[in-house]
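Chain A is already provided as a structure; the job is to place chain B on it using the hints.
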Amino acid sequence: MSDATLLALVARRLETHPPSGAAVDLVVAAFQGREAVDSTLRGDKLATAATAAAAGVTGPPAAYLAELHVEGFRGIGPPVALHLRPGPGLTLIVGRNGSGKSSFSEALEMLLLGSNRRWAGRPKVWEDGWQNLHHRHTSIEARFNLDGRREPLVLSRRWADGAGLDGSVLVIGGKPRPLETIGWAQPLAAHPPLLSHHELETALDEGPSRLYDALAGILGLGDLTAAQETLRRARLDVEASIKTARGAVPALRALLEKAEDERAATVLTALATKVWDLDVIADAVSGLAAADEQSTLRRLSDLASLPVLSREDLEEAIHRLRLTHAEVERIREGDAGRADETAALLQQALDVHTHAVDQTCPVCGTEGVLTYDWRLRAGQRLQELRSQAAALRQATGDLQTAISHSARLVTAPPAALREAGDAGVSTVAALQAWQRWAQSPDDGDAIRLAAHLKTNGPLLIAAVADVRRAAAGEMQRRERSWRPVAEAILAWLPQARAARDAETAVEALKSAEAWLRAAHDELRGERFRPIAEAAQANWTELRQDSNVSLGELRLTGASTQRRLTLDVKVDGESASALGVMSQGELNCLALSLFLPRASMPESPFRFVVIDDPVQAMDPSKVEGLATTLSRAARHRQVVVLTHDTRLPDAVRFLGLEATIIRVVRRESSEVELRAVDTPAHRHIEDAMAIAQTEGLPAEAMRVVPGFCRMALEAAAAEAATRRMRREGRPFADVEAELQRPTTLMTWLALALFGDATRSGEVNSYLERHHPWAAQPVRECNRGVHGAAWAGDLIGFVRDVEKLTAVICPPAPSDG
Amino acid sequence: MAEAGQAHQLVAAARDLTRMEVEATAGLWPRAAAFLARQAVEVALARLWGVTAPGLERTSGRCQVLCVGAFLDDRDLGGRVVLAWNLLSQACHHRVYELAPTAAELNRTLETAWELADACESVCRRIER
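These protein sequence lines map, in sequence, to chains A and B. Numbering follows the working numbering, with no gaps: position 768 of the first sequence is 768. Numbering follows the working numbering, with no gaps: position 64 of the second sequence is 64.
Everything labelled a hint here was simulated from the structure, so no lab data went into it. Mixed in with the good hints, there may be bad ones.
Partial pick of chain A residues on the chain B-facing surface, computed with a CB cut under 10 Å [as the list claims (entries may be wrong)]:
(1) A626
(2) F653
(3) L654
(4) A687
(5) L696
(6) P697
(7) M701
(8) R702
(9) V703
Quick list of the computed label-pair ranges, beta carbon to beta carbon [said to hold, decoys possible]:
(10) B/R126 / A/T743: 22 to 30 Å
(11) A/S549 / B/G55: 41 to 49 Å
(12) B/Q90 / A/H198: 29 to 37 Å
(13) B/R126 / A/A689: 21 to 29 Å
(14) B/G55 / A/S764: 38 to 46 Å
Beta carbons are placed, not taken as given, at the ideal position from N, Cα and C, and that holds for glycine.
The shape of chain A in the complex, shown without the other chains (with noise of 0.2 Å):
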């Protein structure tokens, strides 16, 4: 879980000062985790900074520590109850040196973290002494108000009769089980609500950094550190993967430079440039490139398809030359060369004769020839001539339809050929072989034709069939030599893919890792101002007289040169060292610098428990001890233990509220517990002591209502509270709702029926359950302003008195 501060911080200034690109989500991711950044690397879209931050404030709910039971523990012995107000506001628990009450911090010390700083380092004796010597059963036990909860939450740490200091149980709401399963482990890491006289003694002794530390954590600096951790091992991982990748070239390139396949140079090609061309990479590998023209292996493909003569067709061109030929050549022996003209001649005669009257040849003279029965025979004759004419023309049609068929089987060599160059493969035969069946006579003679094909056409087939057989060959071995290579490029180009995305991703975790540093000390600085300023505000207080003032607070460097820089001034002069205070300067600037972080806002803890703060402070501080932490008080539940009446003097002397709870112990460890001073109580008592003065002038009679309103008041606060923490209400909900009253009527309201806005009921109220406050009541609300008294003083002051106990019944501590 992210400190939502810190997160709010960095997505304030993500926005005001944004890193290049992709690196804004960078940075989210980095403070949610390793997985985060992989996933925004992967491009998945996270939480922006503003949402992660409002995810990471569901903290546990805030507590106040409302009682504290200890038996056998420690200056304890038999069981003895500390109740405290659940709320904001100073309780003082006074008592001796050796009272016992030290037992209380520590036994709740022990509850909480199942240890004690003090004895940490110490012989073992001081841990020997951890029971009660008078009393050997121990438990110790927490009730603590939870926000908007009606039940407390119930904490004790248990220990077998006879067990050790280790041996006890911490049980959770009648379960045993550990912190984390509430929540509190961080928190008390963080925010410890518990500051020992030894730590506030010790903390400055052990140096800057280890203030630092002490520091920086309830800061949730130790997340900048973590995100700028997770990048950089991101980047670390990714720039790995670019390196294997790389790493695998050289090897790559002495296969590919070896294979003499083309491919190979256009994979080396696109490997020498800056950014890898691995798209073309993998479609020459996976053979999708579109070969090129020249390419070898287009030239190999196309030799080994070369169009084939098939034998069948050489044949039967062959054998219709001959047949049609022949065909020709028998109707030609016969007439039939001349069949039409002499078909025309006899046609012409028949035509003559027809139109003549003698039987005279007109062409030889001969007499009588001409006779019907010439007639006759040359009219059956004429039809015997044409049909041979026809049979011939028949003939001669067929014999060129066969020729020019012929003449289509003989192409010129196709361009793979002749364009064969080195591919590898011997194509001077086929070629020479083809350019002699191209040179085919062309005079129509099919005789010669049918010898040229006879003649070339087989010599073409074995001719081509062997090119086609050598080029397959050719492509096949190439194949396999080429296939090793293919396949080791095949199992880089996924580590290759991925190393040019960590390419673009490196980029982006740099400006992201970039962006955090330049970020870290701007937002250690804004993380730590109110820290800062809170203790700088405590110190001035405290420091009263001394000559030391504290000037600006800074946590300064990383890893081992961090440290927390104090600006020490010694009479306006510089001084680098803390080696010029006092041990008591040292505990109030100790104090100073813890009570800030008990009161982080981020903090589930509304108690902090301060053990003797008051050891080495010289007496004018405990002047300026009384008022700040009165001022933590108004916020917090603080509860002070100290071993003399300075505090409690001061406190008193001041008027600042506080309730004064004393610790007495007798014989046997028996430890008994007294409130001896309540807010109300103080005033009642001051009240009383100027009513009972002898001689008291008129005018100073109108002081006694100012104090005893003051008392009813503080009654009436005190029961408000326990009455809105009894039912549950919200914490923020009762502070607000202890704001509101502003006269003395409403806070009766408030504390009569829990509604401010009823003080015109107050009066009635009275007179019906309570007649003889009404008088008393009056006088308080007119008091001050009112004219001089003239009735009994010091029964109007136990009246109040009265009432008091009535609106606010002594609680179980008080006496």
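Same frame as chain A, now just chain B:
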């Protein structure tokens, strides 16, 4: 009746004592200064009561300092006067083992006394006018 300015003079005298480095007063000055400061508070209050509540100056010191906050209408100063008064009372009664107040404590008390004298003076002037 206490005169105006008398309380301030007493505080100034006490302050001088804390700053003096004279053999004759060595070891004695804290109590002497405390004595003067206490007188200053008494005088300042007497002046205040003379104008606001005649007769109050004859009551106990505790009663008087408890009334300061109400009459000056300043609870904070009232509280500090009570604190200062208690410190001065302890310092002015000789006890064998009680340590004298430190310079820092005395300074703080004198500041409070001076502030009280100021506040009393201004209240008195307002009423007298």
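Against the structure, test the hints numbered earlier, and report the numbers of the ones violated in rising order.
Those not satisfied: there are none.
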